[in-house]
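K.L.:
Sequence:
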Amino acid sequence: MSIKISEIAKMANVSISTVSRVLCKSPLVNEKTRKKVEKILKETGYIHNILAHNLAAKKSHIIGVLAADLLDPYFPQIITKIENVLSENNYLAYIANSNRSFEREKK
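So the sequence shown is residues 4 to 110, counted in this note's numbering.
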């Protein structure tokens, strides 16, 4: 069974909100507290479930990316860069391939 955010908070002697802020890379957490929480997260093997977090927050943090042709070497390079920036900002990319079909792109 996976460890819960509330258990991490107890172990770090901080609030659940503080752990959540650390997970979301909020600048509102001081460095000492952030390092303490991150250490416990690592030691416990906690895995942040972004989808569950977003569901609870009623925000999706998912951005759709439509590529014209994923077999064209240009598009995977661009999509990789998009995904990297989104990931750094706690967003997920939903990738779709239109296969250069205008009808699919309209949908």
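Hints were generated in silico from the structure; no laboratory data involved.
Take the hints with a grain of salt, since some may be wrong.
Claimed, not checked - List of simulated lysine-lysine pairs, BS3-like, C-alpha gap at most 30 angstroms:
| id | residue 1 | residue 2 |
| --- | --- | --- |
| 1 | Lys-39 | Lys-62 |
| 2 | Lys-45 | Lys-13 |
| 3 | Lys-28 | Lys-13 |
| 4 | Lys-109 | Lys-42 |
| 5 | Lys-13 | Lys-39 |
| 6 | Lys-35 | Lys-13 |
K.L.:
Next, verify each hint and record whether it holds.
P.N.:
Here is what the structure says about each hint:
1. Lys-39 with Lys-62: With Cα atoms ~27 angstroms apart, Lys-39 and Lys-62 stay inside 30 angstroms; holds.
2. Lys-45 with Lys-13: holds, 15 angstroms
3. Lys-28 with Lys-13: Given pair Lys-28, Lys-13 holds - Cα atoms ~19 angstroms apart, limit 30 angstroms.
4. Lys-109 with Lys-42: With a Cα-Cα distance of about 47 angstroms, the restraint between Lys-109 and Lys-42 is violated, given a limit of 30 angstroms.
5. Lys-13 with Lys-39: Given pair Lys-13, Lys-39 holds - Cα atoms ~12 angstroms apart, limit 30 angstroms.
6. Lys-35 with Lys-13: Satisfied, since the Cα-Cα distance of roughly 16 angstroms is no more than 30 angstroms.
In terms of the numbered hints stated before, the structure departs from hint 4 and from no other.
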